[in-house]
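There are 2 protein chains.
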Amino acid sequence: MGLLTEKQVVAQLKAAKSWARIGDEIRRTFVYEDFVRAMGFVQSVALLAEKMNHHPDIDIRWNKVILALSTHSAGGLTEKDFALAKQINALP
Amino acid sequence: MGLLTEKQVVAQLKAAKSWARIGDEIRRTFVYEDFVRAMGFVQSVALLAEKMNHHPDIDIRWNKVILALSTHSAGGLTEKDFALAKQINALP
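Quick mapping for you: the protein sequence lines, in order, are chains A and B.
For the first sequence, the numbering used here begins at 124 and goes up steadily by one.
For the second sequence, the numbering used here begins at 124 and goes up steadily by one.
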């Protein structure tokens, strides 16, 4: 899995709605009504991540879930990161 | 829920095996074989937390889960934090 070029990253970011680039990763914060709903979302993310064998950093703060994606084995952003970001965005 | 005194915190920490005090919170890192096992643990923690209506900060890094407990409404450590820490320690 090769690193994306700067141009590719910029293009992918436009398609990955609400994800922000921070250094070598992309991040998005999801806010829910409460902890139960936030954990339901985390569970869905976990299933997608395991299926894709690509696991975001997940920070849970009661009703907030902060996800960070990066391909550590490649040392930065790859297509895998944006593919998972889009799948996560498509969750209900 | 009142803040614990310094003396009470020190006593509670001795009983809450493997938790470390960092500022106004207590933290413990749990390491599992892989993401699936780590998420199983997170799910157990979530059930205990919701039952007690006391929710740790949860950071998931593939096979590692970092928990941080503090009673934000009280501005520091209370009995609730140590009660939940002990329940989490008792998980299989």
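For the record, the hints were derived by calculation from the structure and aren't laboratory data.
There could be a bad hint or two in this list.
Copies of one chain are not kept apart here, so a pair can be met inside one copy or by any two copies together.
[To be verified] Computed cross-link-like contacts, PhoX-like style, restricted to lysine-lysine with a CA-CA straight-line distance of at most 25 Å:
id, residue 1, residue 2
1, K187, K174
2, K174, K130
3, K130, K187
4, K203, K187
5, K209, K130
6, K187, K137
7, K130, K203
request  = Give the relationship of K209 and K130 under a CA distance limit of 25 Å: within one copy only, between copies only, both, or neither.
outcome  = within (18 Å within a copy, 50 Å between copies)
key: Status of K203 relative to K130 across identical chains (alpha carbons, at most 25 Å)   = So K130 and K203 pass the 25 Å test inside one copy only (16 Å; across, 50 Å).
ask   = Should K187 paired with K174 be assigned to within, between, both, or neither, using CA atoms and 25 Å as the limit?
value = So K187 and K174 pass the 25 Å test inside a copy (23 Å) and across (19 Å) alike.
ask   = Using 25 Å as the alpha-carbon threshold, which applies to K187 and K137: within, between, both, or neither?
value = within (23 Å within a copy, 31 Å between copies)
message = If the cut is 25 Å between Cα atoms, do K174 and K130 qualify within a copy, between copies, both or neither?
response = Neither. Shortest intra-copy (28 Å) and inter-copy (48 Å) distances fail the 25 Å Cα cut-off.
Same-copy or cross-copy closeness of K130 to K187 [CA-CA at most 25 Å] = Classified as neither: same-chain Cα gap 31 Å, cross-chain 33 Å, threshold 25 Å.
key: Up to 25 Å CA-CA - K187 versus K203, copy category   = For K203 and K187, the Cα distance is within 25 Å both inside one copy (24 Å) and across copies (21 Å).
Checked against the numbered hints above, the structure breaks hints 2 and 3 and satisfies the rest.
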